[in-house]
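Using the sequences and the hints given, assemble the complete structure.
Numbering (our numbering), first residue to last: 10 to 400.
Straight-line distance between alpha carbons at most 16 Å, and here's what the computed EDC-like set of lysine to aspartate or glutamate pairs gives: (1) K118 with E50; (2) K132 with E67; (3) K348 with E315; (4) K96 with D125; (5) K397 with D201; (6) K106 with E75; (7) K360 with D350; (8) K172 with D230; (9) K107 with D134; (10) K118 with D160.
Just so you know, the hints here were simulated from the structure itself, not pulled from any lab data.
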Amino acid sequence: MKRYQGYLLAFASLLVLGCAESPFQPYSNSGDCSFDSVRFEADFQTARLSACRQVGNEYQLLIEPESNPAHHSPWYAFSVQSDHQQKIVIKLVYADKKHRYSPKISNDKHHWTQLDNSSISVKNDGQTVRMVLEVGSKPLYVAAQEIFDNDNYEQWESILANKPYVNRSVIGLTEQGRPVTKLETQTSDSNDYLVLVGRQHPPEVTGALAMFHFVNTILSDSDLAVQFRKHINLLIVPNMNPDGVALGYWRKNTNGVDLNRDWGPFEQAETRLIRDELNRFQGDENIRFFLDFHSTSEDIFYTMSEGLPGNPSVQIDSWLNAIARRMPDYTVRRRASYKPDSYISKNYIYKTFEAPAVTYEMGDNTSRVLIARQATVAAEEMMKLLLKQPQ
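Here is the structure:
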């Protein structure tokens, strides 16, 4: 089994999914997933389990998105336990879309292992997934990715805020009233900022892990980081969608809106908070570079088109080329585009501030060791770039 190391302090929480295929036997909702000797629960942050039923010796768990149309990010998370030690068969049934995330399991919600491929079979063109699990009297947590929930953000940000040069504050509340926080460092020597945002899309855990390592590197006490913070300010919003994270959403906020399609209309509380925070850069303060952390099927950087006013692609290419030189065994993929009428973060940032802006994507299945290495190198090369190229 492939080990998933606990890089992010102690994040985790899993839940159980319920599903079915036979029309003659109804599902029970996720609040009633107890059977003779087996119990599934979805009562924790990030949980996603819609309904469940037992068909013979098989437990079928229905996984549904928060709303339709749904994005292809079928998140699931649940816990399962039994009156006695036994092997059970679970079938995940996706109400919409197809299987994407290989299951991770944990006994303590801190240390995660990818379920062995011999215990998984994907059927019906990806719409059902059969898993064989060893369960007992203690909960076994199962999730699409290792859990990085709002409590993990709180713990991590609180540790960073203990550094004397880091200020942490709440910039406002989500649609459901959860706080959205920022971390900021400031120097009197400069009005230039590196701006980082993350977790617009709840299932995109590998992007969150990359941001974790990137931020830790840039807020470290290394000589490079100390020198960087003397000349460049930092504005960091690690978790833009805490409602979606808490509720185990596939993509959206609680109004059913993809936040990374609302940078322009700003119809949602979460994006309005960011817009209002960024309005300062209409004055004397200046965005030198903007990164938005996400996940997709592979590691890739979505960059700006060449030839735009201000030449943002020049700085972006310098940064990515430096990463490639540091990591000759790693493929730095990039795809350039700029659509001013597309309401995603990087387009808004360039259109409004003429700043270099990149969507920083990590692959769903990228090794967690590689994520740490790549993000650390990316942060170091970003610091070198911005120190070398004064505005």
